[in-house]
Amino acid sequence: MTERMRLAVVGAGPAGLAGALAAAARGVDVTLIDAAGQAGGQFYRQPAPALNARRPEALHHQWRTWQRLSDGLARHLAAGRITHLTEHHVWCVRRESDAFRVHALLGPAQEEGVTVRADAVLLATGGYERVLPFPGWTLPGVVTAGGAQAMLKGGLVLPGRRIVVAGTGPLLLPVAAGLATAGAEVAALVESAGPAALLRRTPELAAQPGKLAEGAWYAGQLVRHRVRTLARHTVVEAHGTDRLTAVTVAALDRAGRIRPGSARRIPCDTLAVGHGMLPHTDLAETLGCTLNGTDVDVDAEQRTDVPGVWAAGETTGIGGAALALAEGHIAGRSAAARLHGTVPDPRTWAAADRARTRLRAFFAALDTVYAPPAGWAERIPDDTVVCRCEEVTAGEVRTAGPLGAADLRTAKLLTRAGMGWCQGRMCAPAVAGLTGCPLTPGRRPFARPVPLGVLANVPDDETPTR
Amino acid sequence: MNPLELARARPGETCTVTLDGRSVEALPGQTVAAALWAAGVTAWRSTRGAGRPRGVFCGIGVCFDCLVTVNGRANQRACLVPVHPGDVIRTQEGTGRVDD
Chain A
397 MTERMRLAVV GAGPAGLAGA LAAAARGVDV TLIDAAGQAG GQFYRQPAPA LNARRPEALH
457 HQWRTWQRLS DGLARHLAAG RITHLTEHHV WCVRRESDAF RVHALLGPAQ EEGVTVRADA
517 VLLATGGYER VLPFPGWTLP GVVTAGGAQA MLKGGLVLPG RRIVVAGTGP LLLPVAAGLA
577 TAGAEVAALV ESAGPAALLR RTPELAAQPG KLAEGAWYAG QLVRHRVRTL ARHTVVEAHG
637 TDRLTAVTVA ALDRAGRIRP GSARRIPCDT LAVGHGMLPH TDLAETLGCT LNGTDVDVDA
697 EQRTDVPGVW AAGETTGIGG AALALAEGHI AGRSAAARLH GTVPDPRTWA AADRARTRLR
757 AFFAALDTVY APPAGWAERI PDDTVVCRCE EVTAGEVRTA GPLGAADLRT AKLLTRAGMG
817 WCQGRMCAPA VAGLTGCPLT PGRRPFARPV PLGVLANVPD DETPTR
Chain B
11 MNPLELARAR PGETCTVTLD GRSVEALPGQ TVAAALWAAG VTAWRSTRGA GRPRGVFCGI
71 GVCFDCLVTV NGRANQRACL VPVHPGDVIR TQEGTGRVDD
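Residue numbers (this note's numbering), protein chains in the order written: chain A, 397 to 862; chain B, 11 to 110.
Just chain A, with the same shape it has in the complex (with noise of 0.2 Å):
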């Protein structure tokens, strides 16, 4: 009898679900590594469990897509197809001789190492949020966007009782309408984008009748709870001492500049920001994937171009939950394949292929729509925080240039900008825009950080017994 061939998928979201099922259901044993308590991802995270939600749809958007992921992965957890390491925090994926190793840390502590071996890797890690800084930006009651609607969607808790939410990009829509649903007043959407620019897109965005169905039902929700929607305006400045008491926003000219005069402060005690997405691409980097800009490089297969490792969803570049599902489907049937020896036929995933292309149509047509504002990098004044861990200010980050940084690792040593807990994940576009310098993925050798006695407990690699 030949050994199952083994699948680690990395992150149970909706790309890695999909792939954990495709590959499970043609005969491959998926380990489904997670850094959650449940499946679902940031897109379908869950409350917990104690909290006993009995409608936590309410809180969701598509979620008999979740349902039929949730039923899949039962059907195959039962069957002993799939196992589903949960609170398992991936900081590592090796590749030796024709294996994989992941290396994980447990739990909430995060002190224990755990290693995971497989024949091949399906990275599925999702996304962050981007949030480009401005005056006030530190201050508490300043969450991102898709931060408020985990700890809503999670914890089943708001942050604040008056909202702004503002930014630029699709998020910004749900998360508002969900806090407003929850019982938040909304006190304004505030989008920099301008209707103008959703209309020049217009044919690619046509192409999407169900997403724009789906905008449409989240503006109906904001109308419903009379939600005020500020288009082609800016947050400017947050205002308090020791937490959020007001926003100041203006509007923005065709040219994407403030216009002058137009400044409004809007009381609240909560801003939740954002200015789109950013891919995790650290696992992909470590493994020598080959990126293309800030996304992992993937063929028509989602293969990457390290033999044995796929990767599927936000970390091949942001389109969201249905194309990370067409994705993940895609790289489980290829990888159940390969697995197998067998060279797969796109054929039997065409439907999937369709909505693939399709999807990154529109999301590409999305990107030029909802880009930051122009001169955003000019208008933070020199005292601002701009990386939140280290402290540094605008202004000093300013001074890596002129003494010669073109990248941001060069920036970083030159004014200690990215170099403290979140290792620039916050400051990086901050830093891009401010130097000059092109907004380059991190090269972190760990995804996360990893005690001194985990690294010393890493056994060595094995010699190949071949």
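Read the hints as simulated data drawn from the structure, not as lab findings.
A portion of the hints provided could be inaccurate.
[As the list claims (entries may be wrong)] Some, not all, of what chain B presents toward chain A, calculated at C-beta under 8 Å:
1. P21
2. C25
3. A43
4. P95
5. G96
6. D97
7. G104
[Stated by the list, open to error] Label-pair distances were calculated between CB atoms; the ranges are:
8. B:N81 x A:Q458: 38 to 46 Å
9. B:G82 x A:P445: 25 to 33 Å
10. A:R620 x B:R18: 14 to 22 Å
11. A:M815 x B:G61: 47 to 55 Å
12. A:P605 x B:R83: 46 to 54 Å
13. A:A474 x B:A49: 51 to 59 Å
14. A:D467 x B:E35: 34 to 42 Å
Glycine included, C-beta positions come from ideal geometry on N, C-alpha and C.
Using the hints provided, position chain B relative to the given structure of chain A.
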């Protein structure tokens, strides 16, 4: 309407933790950050440099702004760590180490 009503949550009995000696009611299953938010607290750390207050920022374990000391262990991300009855939560100052 509040989020618990919206999701028709029937959490188990509330438990009590302390924040800097003050009693805070928490729901089982919530993270430290969610419990503190529910109690109206948004800051539980002061930065190493300027001593500025911080709380949750990213909410998903990426940014490390919400670091807090729980039961004597410093630098815990409040958005990841679940509360347990009787937890002693302390505002974290600087690096959170006693020898700081």
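We went through each hint and held it up to the structure:
About 5 Å separates the beta-carbon of P21 of chain B from the nearest beta-carbon of chain A, less than 8 Å, and the hint is met. Evaluation of the C25 of chain B hint against chain A yields a violated restraint, the C-beta minimum of about 10 Å exceeding 8 Å. Because the closest C-beta pair between A43 of chain B and chain A is about 7 Å apart, less than 8 Å, the hint holds. Checking P95 of chain B against chain A by beta carbon gives a least distance of about 12 Å; that is not within 8 Å, so the hint is violated.
Interface restraint check for G96 of chain B: the shortest CB-CB distance to chain A comes to about 16 Å, outside 8 Å, so the restraint is violated. The closest approach between the C-beta of D97 of chain B and any C-beta of chain A is roughly 12 Å, which is over the 8 Å cut-off, so the hint fails. The interface hint given for G104 of chain B is broken, as the beta carbon of that residue sits about 12 Å from the closest beta carbon of chain A, more than 8 Å. With their beta carbons about 39 Å apart, N81 of chain B and Q458 of chain A fall inside the hinted range of 38 to 46 Å.
In this structure the hint that G82 of chain B and P445 of chain A lie 25 to 33 Å apart at CB holds, the actual value being about 27 Å. The beta-carbon spacing between R620 of chain A and R18 of chain B, approximately 20 Å, falls within the hinted interval of 14 to 22 Å. For the pair M815 of chain A and G61 of chain B, the beta carbons lie near 20 Å from each other, so the given range of 47 to 55 Å is not met. For the pair P605 of chain A and R83 of chain B, the beta carbons lie near 51 Å from each other, so the given range of 46 to 54 Å is met.
The hint said 51 to 59 Å for the Cβ distance between A474 of chain A and A49 of chain B, and at roughly 40 Å that hint is violated. In this structure, D467 of chain A and E35 of chain B meet the distance hint of 34 to 42 Å, their C-beta atoms being roughly 36 Å apart.
Checked against the numbered hints above, the structure breaks hints 2, 4, 5, 6, 7, 11 and 13 and satisfies the rest.
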